[in-house]
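Protein chains: 2
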Amino acid sequence: MSRRRRIAAALAVPAAFVALSAAAAPRSAATAAEAAAAARAWRDAHGAEILADFARLLALPNVASDGPGIRANARAIAGELERRGFAVEVAAPPGAPEAPPVVFAELPADAPGGAGRTVVLYAHYDGQPVEAERWTNPPWSPTLYTGAIEAGGTRRPLPAAGEPVDPDWRIYARSAGDDKAPIQALLAAVDALAAAGLARRVDVKVLLDGEEEAGSPHLAAHVERLAGRLAADGWLFLDGPVHQSGRPQLFFGVRGIAGLDLTVYGANRHLHSGHYGNWAPNPILELARLLAGMKGEDGRVRVAGFYDTVEPLGEAERKALAAIERELPGFEDDLRRELGLAASEAGGAPYAERIALSSLNVRGFVGASVGETARNVIPPSATASLDVRLVAGNDPEAMLDRIEDHLRAQRYHLVRDEPTAAERLEHPKIVRAVRRPGYRAVRTPMDGPFAVWAAAAAEAAAPALAGDEDGTTVLRLPTLGGSLPLHVIADRLAAPIVGLPIANHDDNQHAPDENLRLANLFYGIDLLAALLAAPAPR
Amino acid sequence: MSRRRRIAAALAVPAAFVALSAAAAPRSAATAAEAAAAARAWRDAHGAEILADFARLLALPNVASDGPGIRANARAIAGELERRGFAVEVAAPPGAPEAPPVVFAELPADAPGGAGRTVVLYAHYDGQPVEAERWTNPPWSPTLYTGAIEAGGTRRPLPAAGEPVDPDWRIYARSAGDDKAPIQALLAAVDALAAAGLARRVDVKVLLDGEEEAGSPHLAAHVERLAGRLAADGWLFLDGPVHQSGRPQLFFGVRGIAGLDLTVYGANRHLHSGHYGNWAPNPILELARLLAGMKGEDGRVRVAGFYDTVEPLGEAERKALAAIERELPGFEDDLRRELGLAASEAGGAPYAERIALSSLNVRGFVGASVGETARNVIPPSATASLDVRLVAGNDPEAMLDRIEDHLRAQRYHLVRDEPTAAERLEHPKIVRAVRRPGYRAVRTPMDGPFAVWAAAAAEAAAPALAGDEDGTTVLRLPTLGGSLPLHVIADRLAAPIVGLPIANHDDNQHAPDENLRLANLFYGIDLLAALLAAPAPR
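Residue numbers (my numbering), protein chains in the order written: chain A, 1 to 538; chain B, 539 to 1076.
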């Protein structure tokens, strides 16, 4: 126990909290459908209290680089888990005491005789950085709306205890969707099963990452540290959005990621654009030219070798994509219309085909300023930030090497720090390239009993998303467009991995006005109740 | 007098103020050289007091869009002028009571019998907007350094009264160079002549613009309002920097200016770059492509018709440029080295040749963000701000038309406001173009007695810049690279116009850490003393 730090509760006792008091009662076995129905009844009665608890969790600033903030999140979540009977450990990575801690929690099955089957749930409690001035409300002041703001939703107070909760309402806050939703859903699911007297028939382990949005640099160290305690029949990654059609989805792979920040230099100080315009090189224009040369209007990346290592999709993956297209004819047109796009990239090539390719994205570009603070200058530098999404076969470092080769081929002198005065005078074109940590893509098998079990739980919870009892088809996606550190698990453990997202696809994750549609929170509660109650596969 | 508002002094009485008390004494005539010498003696004795006055003036925030701030500047300057015997009028433009006022002031000659010759001095008291976070010190907290910050200058307190002032010191504040320096220089020059008992042999009128950095939208209305009161033998535009070599210069033309802000649109909200990268168009990349297509690596603008209306330089102008090249062999290489540039644009084409061409500059580009707040997104839009410098023959509106034609030729649908949902779904490429007010270039004759008189004064004051008594050649520049509203005068009045800059060329005008080298302030004082004391031409 010496390396184990039990953390006292940091949040007020939630009104909806009942799990511990009910824990002593005998439990009965339930199917996934029965457990989901019990969860639905629980959240119908206690929706307002669950929402109040979620708002308290969302009020905690959670950017990975903010040490005190991130540790306050870990403590609060640990408290909630302990109160529901989890054994909790909050620990920084070995040798990095200031890095965001992992919250590791274990809750054994309470079915008679136990389950003997074990599942690890992965989620993360950190969020992307914010540009607070671009948010309608402050990012850590959770605010309830009657619908999506852009669709005319209006602000309303949190409901009083017992008041009904409309599943179309949305709660706005950083990490509402990415990725505190599954944490809140798990807490409520445990409460719901306890209140209904239904047994949990799997041993649950929970691994909550505190720096996923910073590239999970210490996740591997945590997995190695926890070693045998992570032995399980499978892993569920509770992250990402459900399908754009609103249907539940499972995913069996993720794109990898790498990043590169590029700064191009002009004169060593700001110059008056009148006195020097046409004579002094303009780094904004040079950088624009550099980026324009990296990707054509046809959507094809022009960096030599960029697609050389792409492994094509296998037979099973192509079949799964074809099944989705059969299930959802015209879905991409609907998505385009929803997003206000007259055309998608690459001449309208299918989404699934595009996501199966390595991608190069300019995630930010800043040179001097625009709007109120724009001035008639040639700035000394301009910076762009790129993210590269990787598919199976791509090595993160090698992909960044290809981009840097491209820079050199454009006659740029590449530096890692601010150029020196001597470098400036020697090289007409200078680019500073700063690499960001990355990781590879992962594809896992799409069949097997673990995947069947997860799909059954999603099927049982699906009515929460459909808004009626008819349910809706669960989609099986070979790979998510986004990136999650599945590789850390895949590289070290033999267990199957399935991705099981909860958030709405239009949750503005990574962006201003991130939000969660409450129907999706409810789906998560029903889903986790079904998972915990129904027998896990061997 | 009903339209005339005499403004009470807003600043404390300056320690160096002596003009009014000396005004009653009989005055003697002096040559330009004698007047400059008297000014030099005055500022040698009172440099610290002059600097303290200047710091008070620079402490007043002066962005044209800040009405209360800009009016406080006008009142303060009016007070200083009145205290020195000027008749002052501070007036908003007709029909625009909230617009920045013009300070118009008159000081008749005090030579026996008067001068009968009249000069109008133009300067402006507003400054460019600031990005305060990029300044070493707050922009309106004037701060003294022992030299340029980038050259290792260190911060030091303002000198005590009577303490000597080093001409290499620099004072850092918005508008230190552009364009409060000539205002302070005029005040000190009047004091210096009074203290030395030297007569002013010209009638001086002063027109101080309060919105030059906003394009002087009301200057024409002011000139029409003041009408006959502006009758003069010539105009001096006290703005812009001295030559990059440090030598005094006169200029006989300016480039015109126009501007265009371009916003390119993607999806109607931020998208996760993983889930949508490679499928949803990225407006940053689209805008980069658009800008890259507007100007080639050879420095040539690719907008059709961009150079069609350029009037080539005349014989006199070409000769003047040749004279500068003879006077300053290798000057451009020195300038490149100073600015840390291995090469200038367009394969090293001569500066004078480049400045004689219309130019297209990207003064700012912002799409999402970089650095700490960068996130893995595809942003909904990206914006660039362009400024276009015009030469003789270019019409501002027509030049913007050419650029907009170019946008359409790139298959962009052009809008003036945020695109509607219907426009988004109809057009794959949408650009919002917002025009900024502009004006044409002006070239004035380089010969005539007025120019000779101005050059003689600059010659007399030149030792202040050279740092010794030997003086240094006054350069005669056909056109300044920058823009000044000379056209307002040239279109309405027949008087000759000469530009007579004071500030150092490396004053970071329009940029963070704007500054004035004190030698340049001293040059301005000597110059204005020489101008006021020596007979003006007919």
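None of these hints come from the bench; they were simulated from the model.
A virtual CB, placed ideally from N, CA and C, is assigned to each residue, including glycine.
Hints may contain errors.
Partial chain B-side listing against chain A, Cβ under 7 Å, derived [what the hints assert, rightly or not]: (1) 768; (2) 805; (3) 813; (4) 815; (5) 822; (6) 823; (7) 839; (8) 840; (9) 883; (10) 886; (11) 906; (12) 912; (13) 927; (14) 1025.
25 Å max Cα-Cα, derived SDA-like pairs, lysine to any residue [unchecked claim]: (15) B/967 x A/342; (16) A/429 x B/868; (17) A/429 x B/607; (18) B/967 x A/347; (19) B/967 x A/349; (20) B/967 x A/409; (21) B/967 x A/348; (22) A/429 x B/675; (23) A/429 x B/881; (24) B/967 x A/150; (25) B/967 x A/371; (26) A/429 x B/1013; (27) B/967 x A/302; (28) A/429 x B/972; (29) B/967 x A/299; (30) A/319 x B/881; (31) B/967 x A/334; (32) A/319 x B/835; (33) B/857 x B/871; (34) B/967 x A/151; (35) B/967 x A/369; (36) A/319 x B/888; (37) A/319 x B/872; (38) A/429 x B/875; (39) B/967 x A/336; (40) B/967 x A/292.
Here is what the structure says about each hint:
1. The interface hint given for residue 768 of chain B is violated, since its Cβ lies 26 Å from the closest Cβ of chain A, which is over the 7 Å cut-off.
2. For residue 805 of chain B, the interface hint holds, the least distance from its beta-carbon to any beta-carbon of chain A being 4 Å, beneath 7 Å.
3. Satisfaction of the interface hint for residue 813 of chain B is found here, the shortest Cβ-Cβ separation to chain A being roughly 4 Å, below the 7 Å cut-off.
4. Against a cut-off of 7 Å between C-beta atoms, the interface hint on residue 815 of chain B holds, since the closest Cβ of chain A lies about 4 Å away.
5. About 4 Å separates the beta-carbon of residue 822 of chain B from the nearest beta-carbon of chain A, less than 7 Å, and the hint is met.
6. Hint status for residue 823 of chain B relative to chain A: holds, with the closest Cβ pair at about 5 Å, below 7 Å.
7. At its closest, the beta carbon of residue 839 of chain B sits 9 Å from a beta carbon of chain A; the interface hint therefore is violated under the 7 Å criterion.
8. A least Cβ separation of about 12 Å between residue 840 of chain B and chain A goes past the 7 Å threshold, and the interface hint is therefore violated.
9. Because the closest C-beta pair between residue 883 of chain B and chain A is about 5 Å apart, less than 7 Å, the hint holds.
10. Proximity of residue 886 of chain B to chain A is violated relative to the hint, the smallest CB-CB distance being about 10 Å (cut-off 7 Å).
11. Proximity of residue 906 of chain B to chain A holds as hinted, the smallest CB-CB distance being about 4 Å (cut-off 7 Å).
12. Against a cut-off of 7 Å between C-beta atoms, the interface hint on residue 912 of chain B holds, since the closest Cβ of chain A lies about 4 Å away.
13. Interface hint status for residue 927 of chain B: upheld, as the beta-carbon distance to the closest one in chain A is roughly 5 Å, under 7 Å.
14. At its closest, the beta carbon of residue 1025 of chain B sits 15 Å from a beta carbon of chain A; the interface hint therefore is violated under the 7 Å criterion.
15. With a CA separation close to 8 Å, the supplied pair residue 967 of chain B and residue 342 of chain A stays within the 25 Å bound.
16. Only pairs whose Cα atoms come within 25 Å are accepted, and residue 429 of chain A paired with residue 868 of chain B is accepted, the gap being roughly 22 Å.
17. The suggested pairing of residue 429 of chain A with residue 607 of chain B is violated, with an alpha-carbon distance near 42 Å, which exceeds 25 Å.
18. This hinted pair checks out: residue 967 of chain B and residue 347 of chain A have alpha carbons roughly 13 Å apart, not beyond 25 Å.
19. A threshold of 25 Å between alpha carbons decides the hint, and for residue 967 of chain B with residue 349 of chain A the separation of about 17 Å falls inside it, so the pair holds.
20. At most 25 Å may separate the alpha-carbon atoms for a hinted pair to count; residue 967 of chain B and residue 409 of chain A exceed this at roughly 30 Å.
21. Between residue 967 of chain B and residue 348 of chain A, the direct Cα distance comes to roughly 14 Å. Compliance with the 25 Å bound is thereby established for this hinted pair.
22. With a CA separation close to 31 Å, the supplied pair residue 429 of chain A and residue 675 of chain B exceeds the 25 Å bound.
23. Distance restraint check for residue 429 of chain A and residue 881 of chain B: the Cα-Cα separation of roughly 9 Å lies within the 25 Å cut-off, and the hinted pair is therefore satisfied.
24. At most 25 Å may separate the alpha-carbon atoms for a hinted pair to count; residue 967 of chain B and residue 150 of chain A meet this at roughly 22 Å.
25. For the suggested pair residue 967 of chain B and residue 371 of chain A, the alpha carbons sit about 22 Å apart, so the restraint of at most 25 Å is met.
26. For a cut-off of 25 Å, the pair hint linking residue 429 of chain A to residue 1013 of chain B is broken: about 33 Å separates their Cα positions.
27. Our distance criterion of 25 Å between C-alpha atoms is met by residue 967 of chain B and residue 302 of chain A, whose separation comes to about 21 Å.
28. The straight-line distance between the Cα atoms of residue 429 of chain A and residue 972 of chain B is roughly 32 Å, outside the 25 Å bound, and the hint therefore fails.
29. A distance of roughly 14 Å separates the Cα atoms of residue 967 of chain B and residue 299 of chain A; the hinted pair therefore holds under the 25 Å criterion.
30. Proposed proximity of residue 319 of chain A and residue 881 of chain B is contradicted: the alpha carbons are some 56 Å apart, above 25 Å.
31. Taking the CA atoms of residue 967 of chain B and residue 334 of chain A, the gap is near 19 Å; set against the 25 Å cutoff, the hint holds.
32. Restraint check for residue 319 of chain A and residue 835 of chain B: the C-alpha separation of about 48 Å exceeds 25 Å, so the hint is violated.
33. Among the hinted pairs, residue 857 of chain B with residue 871 of chain B is consistent with the structure: their alpha-carbon atoms are about 21 Å apart, no more than 25 Å.
34. The hinted pair formed by residue 967 of chain B and residue 151 of chain A meets the criterion: a straight-line CA distance of about 23 Å does not exceed 25 Å.
35. Restraint check for residue 967 of chain B and residue 369 of chain A: the C-alpha separation of about 23 Å stays at or below 25 Å, so the hint holds.
36. With a CA separation close to 64 Å, the supplied pair residue 319 of chain A and residue 888 of chain B exceeds the 25 Å bound.
37. About 67 Å separates the Cα atoms of residue 319 of chain A and residue 872 of chain B, which puts this hinted pair outside 25 Å; it is violated.
38. Of the supplied pair hints, the one linking residue 429 of chain A and residue 875 of chain B holds, its CA atoms being roughly 15 Å apart against a limit of 25 Å.
39. A threshold of 25 Å between alpha carbons decides the hint, and for residue 967 of chain B with residue 336 of chain A the separation of about 14 Å falls inside it, so the pair holds.
40. Proposed proximity of residue 967 of chain B and residue 292 of chain A is supported: the alpha carbons are some 16 Å apart, at most 25 Å.
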